[in-house]
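Trainee: Chain by chain, the residues run as shown.
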Amino acid sequence: MKEDGKSFLRSELLVVSLLSSFRGEVVSSFVWVVLVLVGWFWGRAVLERVWGKMASVWRKGSDWKIGAEHLMTFFSHSRGGLLSGTVGPTIQADLTDIRREASCFLPIQEFMSILPSVDKLFYGIPLPEKNPDLMATTSLNRGFWLSRLLSTVPQEDSGEVVMDSGGRDFVLSAGGGGPSSAGKILLVEDTEINRILLRKLFQDLNLLLEEAENGQIAVDYFKQGKNYDLVLMDKEMPVMDGHEATRQLRLLGVKTPIVALTGNSLQSDKDMFFQAGADEFQTKPLSRAELVRLLARYGLECPR
Amino acid sequence: MASAEITQLRRQAAYIKKSLFEQGYLDGQFLQLEELQDDTNPNFVEEVVTLFFKDSAKFIANIEAAVEKTPLDFKKLDAYMHKFKGSSSSIGALRVKNECTLFREYCQQGNGEGCLKTFQQIKKEHATLRKKLETYFQLLRQAGPYETATSSH
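Read top to bottom, the protein sequences are chains E and D.
Residue 47 in my numbering sits at position 47 of the first sequence, with consecutive numbering throughout.
Residue 100 in my numbering sits at position 100 of the second sequence, with consecutive numbering throughout.
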């Protein structure tokens, strides 16, 4: 690519030299157009060369070892014809919460070899079309970013791939919309006013919040494979109350921290929640400062 | 509207708010509501408070119907009052919340007379708070683009 560029530049300079012997606005305009094209060509070449040296493997979950600094990865690939099944390392697409000890950086070539399977996560649609936000520059139209911040949760249209390459396990995650906020919280609360207040609070804190009006809905979310960094669980709710929902989530193997939120601070309520598997008990309503401190205890950052 | 009139309206609103805090009708949670209000949600506080009074009217109607039945279903009454108390607490309606707490205690004791007496007090506090807050928000609306009263409690 570099040699092609130099050769192109030499030719271009020769043409400019020849054309400069002519007078006229047509010649000047032509020269400007050519110079712009050359500049674009070189700029793109430099961009791909520099960013092609970076690689990232994203990890998820608080029980993962936090590795070295992660970087954005830019890859180029041809559009279309990407779905050829498993290519390269053994790949297991898994959208459930998988945590494994892993620490490795993939060589670029190896990483690029698994791109078709990564695209499979997006249901056969080439990434640039489905997730334009992931494109570094849409005009390039042949590359995309795979990125995710530490301790984020994949969005609904994203997934995780657990890969086994040379005996090393790692998780590659691709998120819809690129780097998102620093956490996804599930609020289980039946009272609308309380949901409105917390919703606004989380909006202000730039954190993702999903809501469930009762414990049964919350349990169903987890059964559907949804993942969260934290669950805020009200106590008294219709259909299924907070104690029962907590108990069922723990029976499902859900390890997400669960913080009980209730207006009562009775010891009996606390005991019931802790026996069900809650991690913490908080009295409602939570002030903004209390919420920020609570989130910090579970490693959830507030970007703002 | 002249700026002097606007200032006067805002002062009146601030006075009402201050008195609501001093008389124990509101607590710090109301200030938390105000902190959530911003340019993207300029009427957030009024909207939430309006929703509270809409919901609480239903709670009161449900409890009214329940207390007329004999014998009293304390479990049902307690459930209604739990939600009412939760909503009151969320907007900082301190007096209403405290009366709701007392009502629930009477429910747990099976004290029907206490429940009825407290329920009358809840309705009274609720009506007073509603009237005062309606006046407060009306003054703010008249003053122009919605702003919280500047005087702290």
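Hint data in this document are derived by calculation from the structure and do not stem from the laboratory.
Be a bit skeptical, because a hint or two may be false.
Okay, derived cross-link-like pairs now, DMTMM-like style, lysine to aspartate or glutamate, Cα gap no bigger than 20 Å in a straight line [what the hints assert, rightly or not]:
id: 1; chain 1: D; residue 1: LYS75; chain 2: E; residue 2: ASP279
id: 2; chain 1: E; residue 1: LYS226; chain 2: E; residue 2: ASP204
id: 3; chain 1: D; residue 1: LYS58; chain 2: D; residue 2: GLU46
id: 4; chain 1: D; residue 1: LYS76; chain 2: E; residue 2: GLU210
id: 5; chain 1: D; residue 1: LYS18; chain 2: D; residue 2: GLU46
id: 6; chain 1: D; residue 1: LYS123; chain 2: D; residue 2: ASP55
id: 7; chain 1: E; residue 1: LYS200; chain 2: D; residue 2: ASP38
id: 8; chain 1: E; residue 1: LYS223; chain 2: E; residue 2: GLU213
id: 9; chain 1: D; residue 1: LYS54; chain 2: E; residue 2: ASP190
id: 10; chain 1: E; residue 1: LYS226; chain 2: E; residue 2: GLU210
id: 11; chain 1: E; residue 1: LYS200; chain 2: D; residue 2: GLU105
id: 12; chain 1: D; residue 1: LYS76; chain 2: E; residue 2: ASP269
id: 13; chain 1: E; residue 1: LYS255; chain 2: E; residue 2: ASP279
id: 14; chain 1: E; residue 1: LYS226; chain 2: E; residue 2: GLU236
id: 15; chain 1: D; residue 1: LYS58; chain 2: D; residue 2: GLU47
id: 16; chain 1: E; residue 1: LYS200; chain 2: E; residue 2: GLU290
id: 17; chain 1: D; residue 1: LYS75; chain 2: E; residue 2: GLU290
id: 18; chain 1: D; residue 1: LYS75; chain 2: E; residue 2: ASP241
id: 19; chain 1: D; residue 1: LYS58; chain 2: E; residue 2: GLU25
id: 20; chain 1: D; residue 1: LYS76; chain 2: D; residue 2: ASP39
id: 21; chain 1: E; residue 1: LYS200; chain 2: D; residue 2: GLU64
id: 22; chain 1: D; residue 1: LYS75; chain 2: E; residue 2: ASP220
id: 23; chain 1: D; residue 1: LYS58; chain 2: D; residue 2: GLU68
id: 24; chain 1: D; residue 1: LYS54; chain 2: D; residue 2: GLU105
id: 25; chain 1: D; residue 1: LYS58; chain 2: E; residue 2: ASP190
id: 26; chain 1: D; residue 1: LYS117; chain 2: D; residue 2: GLU134
id: 27; chain 1: E; residue 1: LYS200; chain 2: D; residue 2: GLU113
id: 28; chain 1: D; residue 1: LYS69; chain 2: D; residue 2: GLU113
id: 29; chain 1: D; residue 1: LYS76; chain 2: E; residue 2: GLU290
id: 30; chain 1: D; residue 1: LYS76; chain 2: E; residue 2: GLU236
id: 31; chain 1: E; residue 1: LYS270; chain 2: D; residue 2: GLU105
Here's a subset of chain E near chain D, in silico, CB distances under 8 Å, partners left out [to be verified]:
id: 32; residue: VAL38
id: 33; residue: ILE193
id: 34; residue: ILE196
id: 35; residue: LEU197
id: 36; residue: GLU236
id: 37; residue: ARG250
id: 38; residue: GLY277
id: 39; residue: GLU280
id: 40; residue: SER287
Glycine included, every Cβ here is placed at the ideal spot set by N, Cα and C.
Trainee: Run every hint past the structure and note whether it holds.
Mentor: Hint-by-hint comparison with the structure:
1. Restraint check for D/LYS75 and E/ASP279: the C-alpha separation of about 29 Å exceeds 20 Å, so the hint is violated.
2. Of the pairs offered as hints, the one joining E/LYS226 and E/ASP204 is violated, with about 23 Å between alpha carbons and a cut-off of 20 Å exceeded.
3. A hinted pair counts as satisfied when its Cα atoms are at most 20 Å apart, and D/LYS58 with D/GLU46 qualifies at roughly 19 Å.
4. Under the criterion of a C-alpha separation no larger than 20 Å, the hint pairing D/LYS76 with E/GLU210 is inconsistent with the structure, at around 30 Å.
5. In summary, the hint linking D/LYS18 to D/GLU46 is supported, as the alpha carbons are separated by about 17 Å, within the 20 Å threshold.
6. Proposed proximity of D/LYS123 and D/ASP55 is supported: the alpha carbons are some 14 Å apart, at most 20 Å.
7. For the given pair, E/LYS200 sits about 10 Å from D/ASP38 by alpha-carbon distance, which is consistent with the 20 Å threshold.
8. Only pairs whose Cα atoms come within 20 Å are accepted, and E/LYS223 paired with E/GLU213 is accepted, the gap being roughly 16 Å.
9. A hinted pair counts as satisfied when its Cα atoms are at most 20 Å apart, and D/LYS54 with E/ASP190 qualifies at roughly 16 Å.
10. Proposed proximity of E/LYS226 and E/GLU210 is supported: the alpha carbons are some 10 Å apart, at most 20 Å.
11. Our distance criterion of 20 Å between C-alpha atoms is broken by E/LYS200 and D/GLU105, whose separation comes to about 32 Å.
12. A hinted pair counts as satisfied when its Cα atoms are at most 20 Å apart, and D/LYS76 with E/ASP269 qualifies at roughly 19 Å.
13. The hinted pair formed by E/LYS255 and E/ASP279 meets the criterion: a straight-line CA distance of about 10 Å does not exceed 20 Å.
14. Under the criterion of a C-alpha separation no larger than 20 Å, the hint pairing E/LYS226 with E/GLU236 is inconsistent with the structure, at around 23 Å.
15. For the proposed pair D/LYS58 and D/GLU47, the alpha carbon gap of about 17 Å is at most 20 Å, so the pair holds.
16. As the CA atoms of E/LYS200 and E/GLU290 are separated by approximately 15 Å, the hinted pair is consistent with the 20 Å bound.
17. The hinted pair formed by D/LYS75 and E/GLU290 fails the criterion: a straight-line CA distance of about 32 Å is larger than 20 Å.
18. Taken as a hint, the D/LYS75 and E/ASP241 pair is honoured in the structure, with Cα atoms around 15 Å apart against an allowance of 20 Å.
19. For a cut-off of 20 Å, the pair hint linking D/LYS58 to E/GLU25 is broken: about 79 Å separates their Cα positions.
20. About 41 Å separates the Cα atoms of D/LYS76 and D/ASP39, which puts this hinted pair outside 20 Å; it is violated.
21. Annotation: proposed proximity of E/LYS200 to D/GLU64 is violated, straight-line Cα distance about 33 Å (limit 20 Å).
22. Distance check on the hinted pair: D/LYS75 and E/ASP220 sit about 28 Å apart at the alpha-carbon level, beyond 20 Å; violated.
23. For a cut-off of 20 Å, the pair hint linking D/LYS58 to D/GLU68 stands: about 16 Å separates their Cα positions.
24. As the CA atoms of D/LYS54 and D/GLU105 are separated by approximately 25 Å, the hinted pair breaks the 20 Å bound.
25. Note on D/LYS58 and E/ASP190: the hinted pairing holds, with a Cα-Cα distance of about 16 Å set against a maximum of 20 Å.
26. A distance of roughly 26 Å separates the Cα atoms of D/LYS117 and D/GLU134; the hinted pair therefore is violated under the 20 Å criterion.
27. For a cut-off of 20 Å, the pair hint linking E/LYS200 to D/GLU113 is broken: about 40 Å separates their Cα positions.
28. Annotation: proposed proximity of D/LYS69 to D/GLU113 holds, straight-line Cα distance about 13 Å (limit 20 Å).
29. For the hint linking D/LYS76 to E/GLU290, the alpha-carbon distance of about 32 Å lies beyond 20 Å, and the restraint is violated.
30. Restraint check: the Cα-Cα separation between D/LYS76 and E/GLU236 comes to about 13 Å, which is no more than 20 Å; the hinted pair holds.
31. Note on E/LYS270 and D/GLU105: the hinted pairing holds, with a Cα-Cα distance of about 19 Å set against a maximum of 20 Å.
32. Hint on E/VAL38 is violated. Least Cβ distance to chain D is approximately 46 Å, over the 8 Å limit.
33. Proximity of E/ILE193 to chain D holds as hinted, the smallest CB-CB distance being about 5 Å (cut-off 8 Å).
34. Of the supplied interface hints, the one on E/ILE196 holds, with its beta-carbon coming within about 6 Å of a beta-carbon of chain D, less than 8 Å.
35. Evaluation of the E/LEU197 hint against chain D yields a held restraint, the C-beta minimum of about 6 Å falling below 8 Å.
36. This hint holds: E/GLU236 has a C-beta 6 Å from the nearest C-beta of chain D, less than the 8 Å allowed.
37. Because the beta carbon of E/ARG250 sits about 25 Å from the nearest beta carbon in chain D, more than 8 Å, this interface hint is broken.
38. Hint status for E/GLY277 relative to chain D: violated, with the closest Cβ pair at about 23 Å, above 8 Å.
39. The interface hint given for E/GLU280 is violated, since its Cβ lies 19 Å from the closest Cβ of chain D, which is over the 8 Å cut-off.
40. Restraint check, E/SER287 versus chain D: the minimum CB separation of about 5 Å is within 8 Å; hint holds.
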